[in-house]
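A.B. asks: The residues making up each chain are set out below.
There are 2 protein chains.
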Amino acid sequence: MAKPRKTPRPRAETPKGFRDYFGTEVTERAAMLGRIAEVYHRYGFDALESSAVETVEALGKFLPDVDRPNEGVFAWQDEDEKWLALRYDLTAPLARVYAQHRNDLPTPYRRYAMGPVWRNEKPGPGRFRQFYQCDADTVGSASMAADAEICAMLADALEEVGIPRGDYVVRVNNRKVLNGVLEATGVSDPEQQAAVLRTIDKFDKVGEAGVRELLGKGRLDASGAYIDGVGLSDEQAAPVLAFLTSMGRDTAETLANLRGAVGASEVGGQGVTELEEIATLLAAQGYGPDRIVIDPSVVRGLGYYTGPVFEAELTFEILDEKGRPRQFGSVAGGGRYDDLVARFTGQQVPAVGVSIGVDRLLAALREKGRVGGEAQGPVVVTVMDRTRMADYQAMVGDLRQAGIRAEVYLGNPKNFGNQMKYADRRGAPVAVIAGEDEFAKGVVQIKDLVLGAQIAANATLEEWKERPSQYEVPRAQLVEKVRAILEGLS
Amino acid sequence: MAKPRKTPRPRAETPKGFRDYFGTEVTERAAMLGRIAEVYHRYGFDALESSAVETVEALGKFLPDVDRPNEGVFAWQDEDEKWLALRYDLTAPLARVYAQHRNDLPTPYRRYAMGPVWRNEKPGPGRFRQFYQCDADTVGSASMAADAEICAMLADALEEVGIPRGDYVVRVNNRKVLNGVLEATGVSDPEQQAAVLRTIDKFDKVGEAGVRELLGKGRLDASGAYIDGVGLSDEQAAPVLAFLTSMGRDTAETLANLRGAVGASEVGGQGVTELEEIATLLAAQGYGPDRIVIDPSVVRGLGYYTGPVFEAELTFEILDEKGRPRQFGSVAGGGRYDDLVARFTGQQVPAVGVSIGVDRLLAALREKGRVGGEAQGPVVVTVMDRTRMADYQAMVGDLRQAGIRAEVYLGNPKNFGNQMKYADRRGAPVAVIAGEDEFAKGVVQIKDLVLGAQIAANATLEEWKERPSQYEVPRAQLVEKVRAILEGLS
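Sequence lines, in order, name chains L and P. My numbering numbers the first residue of the first sequence as 113 and each following residue consecutively. My numbering numbers the first residue of the second sequence as 113 and each following residue consecutively.
It cannot be assumed that every hint is accurate.
[Unchecked claim] Okay, the calculated bits of chain P under chain L, using three or more residues with CB under 8 Å as the criterion: (1) 129-135; (2) 145-158; (3) 166-172; (4) 349-362; (5) 429-441; (6) 494-507; (7) 519-531.
[To be verified] Here are the simulated BS3-like pairs of lysine-lysine, each with C-alpha atoms no more than 25 Å apart in a straight line: (8) Lys329/L / Lys317/L; (9) Lys234/L / Lys128/L; (10) Lys234/L / Lys329/P; (11) Lys194/P / Lys194/L; (12) Lys434/P / Lys317/P; (13) Lys434/P / Lys194/L; (14) Lys128/P / Lys194/L; (15) Lys194/P / Lys128/L; (16) Lys194/P / Lys314/P; (17) Lys329/P / Lys317/P.
Simulated from the structure, these hints should not be mistaken for lab results. For every residue, glycine included, the Cβ atom is placed at its ideal position computed from N, Cα and C.
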C-alpha cells in the first residue's frame, strides 16, 4: 500500500527513557520546589544554578562508571576534542563551582540547587534518564552544627510541602561508628571488611539471626541455596550485632549501646560523640526523636559518606501494585563528605548535604491528597456566531482582567457539540454561550458544567430539562455571575 | 618547581560558553518566569515540560544547520547508534509532542513552556551556549483570534513583570503582506526576490532613500564602497517603498496604505485583511496602538513565519557601553507558522506562538530598577563561645520559626573579626552576639549592620563610640527586636 518515500517522516517520539510532563505534572512540581526553596532560603542557603553541561574532566572520578566517559553519563566531544557531559547529579557540579569561585564565595558556603540531572542508564518502569534533584549543601564547615541544621531543615521542608509531623522521620547514623565497629571486630583484610559491609546491608532482609549466620559459617536462604558466611568467630561478630541492634528506647540508650559496640576504637568513639552533638543541637531547637532520630539501622549510602549520614523516610502505609500495604519509604538522603573539592584544589574541604528525591516526594504528596486534586480548567467562551469574535474576545478579556482563567474557543466553531466536548476535555467549570438572540437581548447564557455533570449523572429527565445549571444574565453581569459559580466550587 | 604528577588535577571551570548563576540571578529569573506563567495560565495555556534531549531526527530540518547533526546543536550517538541532541529551542519539541500526543490533547492546544535551550555556536560576550526561553503557542487554530490573543497576552505579561505601559510596544506585521508586495513588483526570479528581501532588511540602516538606490542601480555606502543594486525599475520598486513607508497616523491609515502597496495581489490582500482582523479583535478588548500597533517595519524573522509576525520592543532609552543613549529594543518575538507538525504527520496544522527573551527582559527589569535591589542577606548569629552552640542554634531556630532568614556562623569561631567579615559578605542586615556575660545576664547583643554601616560612613568618632546601632535585649525579646530592625529597613 505505502509507496516508497524519498524522505521518510521522522517518528514523533521521545528518545528511549525520556518523557514529557503535562499541565499539573509541571506546575505541582514547580510549586513543591518553590516551597522547598523558601525553607532553604530561610535557613540562609543561597541559590546556585550551574549549567547542564560540564567537562567530563570536572565530573571526573565521581562518574558512576569510570572506565569510559560514555558510561553512565551522556557525553560527546566538542570542537576541541574535549569531552563534555550532562551532569548526573548536583553534587559534582557544586564541587567544581566551589573550587572555581571559592575566593568570591562566603566560607562556609550554604547553597541550594534544583534542576534536572541525566543518567545514561537502562531505563525501567518509573526510572527515567532525566529526573529532578533538589539539593542543599554546606561547604567549608566541619561543625556538627552544619549536619544538625541540615536535618532540621529537611524536617521543616517536608512539613512545608505537606507531609504532616508523624508521617515522616529523619534517621541519622554515622559512617565513623561503622568504621569503629569494623575495628572492634579485628578484621583487617579489606576483602573480608567488604564482605562484612555487604552483610550489614542485608540486615533489613534477613534480620539479626540471619546476619549472625552470614557473618559466621553461612546460612540456607529461603530458596534452599546455601550462602557462604564471612567466617568470623562469635567474638568477632559481636560488635557488628551490637551495632545493628543498638537502637534503644531513647537517644541516650542508643548512644550508650553504640559506645559499647565500637569498644576501644578511636574513630568509633568520635562517631558516637558526633551523633551525640547532633542530638543535643537538635534538642535545643525542639527537634525531638518524633522528627529526627539517631538510628543505627541507616546503612545505605554509608560507603559514600565520611561522617554523619541521614535519610528521611515517610512512615505511612500505601498499597503496592498487588494491594498489599507497605511503608512508603525513603524520600531524601544525605551526609558528610570531605573529599569532593580536594581533587580540584588539593585541599580537603569539609562538606555536608542532602538531596530530596523530587519525584518520590511528589508521588507521596499525591498519595496523601496534598496535590493533584482535580485540575481547574479555564472558563470556555463558546463561539455561536463567528462574525461576533470581537464580542467573545471582549468577554474573555473581561474575565481575565478579573483574574479568572478563561479562553475563547479557537477551533472551527461550526459544530457546537465539538465546542462542548472541548470544554469537557479542558475540565472547564463554566461555559459561556451567546448567539444572535442573546446579543439582541444584551444577555449571555452561563452554564455551570460541574453542577450540570452532577445533574446529568443523578437527575430524572424532568429535572434535567429544567436545566437549573444554566443561567441567563445581562452581559454586564458576566464576570460577577461566573465568579459566583466558581466560588461555589471551591 | 612543579613536580610531574601522575594524575593531574582537573581544572575547575565551566565548559567554554557556559556559566554559573548565583543567588538573586537565579531567584529573580525564577520569580519573573513564575509571573509570566501566571499570565499564560490565566489565558488558558497549559504547562508542558519536555525533556532536554530529543532525537536528532525529531529536531530534523529545524536544525540551524542541516548538514551534520553536530552543527548548531550538541549531539551524540546512543547505544543503538541513534543520534540524540539537546533541544535548541522549545518550538521543535512542541511539534514533536503535538504529533506524538495529539489524540490526547485538546484541539486547539494552548501550551506554554519555559526552560533552558542549548546552542552549539561560537560563544561571545553575553552570548552563552545555554540560555532560557519562555514560549507560548496555540496549535490547531487558524483563527486570527489566536494571534490577537497572543499579542494581548504578551502585553499583559510585560506589564505583569514590571514594564509599565508606555515603556513597551508590540508591533504586528504579516508575512503575506510582504509576499503580496513581492507579487506587486512583478519580480518572479527567486534570486532576485531574495535580493529584494535582503534589501528590505536594510531599511532600518539605510532608510527610504537608501533602499530606493539599492533596489535600483546601487549606492555608495558610508565607507565609500559601491554596493550593487537589485536592478528593479522605479515602477517595480514602488510597491516595496510603499510597503516600507506605509505606517500611518492610525491603524486605518496604515491598513489603507498596505492595501495600496500590495495592489492586486490576492495573498497580499489576505494579509492586510488578517491584520485588520487582529486590530479589530484587540480594539474590542481595549488594546489600542499604545500597546499593540500594526507596524509594517517589523521585517525581522519574516522568512520563518507564514502569516502574522509580532515583536515586543521596549521603548525606553538606556546608555550603551560608550555612554550614548539608545533604545533598549526587542525582548520577544513570534508569529504564525503552519508547517511544523506536518513533517511528522503529513497534515498541515496551523500554529501561532511567541517566545520571550528571558535574559534580555531580565536585563531590562534590572535597568528599570524593578529587580536587583540590594539582596537581603540572612541575620547572622555569631559564635563567641563554641561550647554554647546549642544556645546559638536555638536562637537561629527561633528566628527561622518566625519566618526570619537566619543562620549561625558555622566556620571556625576563633577569630571574631572573621565572623563580622562573613556577616558583611553575606549582606547580613543584623548580627546577634552573645558571650559569657550575655548568657550570665540572660541577654543578647543585637547589631543593626545597615545602620552601623551608615554611621561608620558618616559619623564622627564620638557618635560612632556611642554605638547607637547596637542594642542589648533580653534573650526572650530576640525575635521581636530583630523583626523591628528588619521592618525599619523595608
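A.B. asks: Would you check chain L against the segment 349-362 of chain P, counting CB to CB pairs closer than 8 Å, and say if three or more residues qualify?
C.D. replies: violated (count 0)
A.B. asks: For the pair we were handed, Lys329/P and Lys317/P, check the Cα-Cα distance against 25 Å.
C.D. replies: 18 Å, holds
A.B. asks: Take the C-alpha atoms of Lys194/P and Lys194/L, compute the straight-line distance between them, and say whether it is at most 25 Å.
C.D. replies: Between Lys194/P and Lys194/L the Cα gap is close to 21 Å, so the pair holds against 25 Å.
A.B. asks: Does the structure keep Lys128/P and Lys194/L at a Cα separation of 25 Å or less?
C.D. replies: 10 Å, holds
A.B. asks: For the pair supplied as a hint, Lys434/P and Lys317/P, confirm whether the alpha-carbon distance does not exceed 25 Å.
C.D. replies: 20 Å, holds
A.B. asks: Between Lys234/L and Lys329/P, does the CA-CA distance stay at or below 25 Å?
C.D. replies: 64 Å, violated
A.B. asks: Is Lys434/P close enough to Lys194/L, meaning Cα to Cα at most 25 Å?
C.D. replies: Status violated; Cα separation ~37 Å.
A.B. asks: Could you grab the alpha-carbon distance between Lys234/L and Lys128/L and see if it respects the 25 Å cut-off?
C.D. replies: Roughly 9 Å between the alpha carbons, so the hint for Lys234/L and Lys128/L holds.
A.B. asks: Between the segment 129-135 of chain P and chain L, are there enough contacts, at least three residues with CB-CB distance under 8 Å, for the coverage claim to hold?
C.D. replies: Result for this restraint: holds, n = 6.
A.B. asks: Tell me if chain L covers the segment 145-158 of chain P under the three-residue, 8 Å CB rule, please?
C.D. replies: holds (count 7)
A.B. asks: Taken at face value, is the distance from the CA of Lys314/P to the CA of Lys194/P at most 25 Å?
C.D. replies: Given that 25 Å is the threshold and the Cα spacing comes to 42 Å, the pair is violated.
A.B. asks: With a cut-off of 8 Å between beta carbons, are at least three residues of the segment 494-507 of chain P near chain L?
C.D. replies: holds (count 6)
In this structure, the earlier hints numbered 4, 5, 10, 13, 16 are contradicted, and the remaining ones agree with it.
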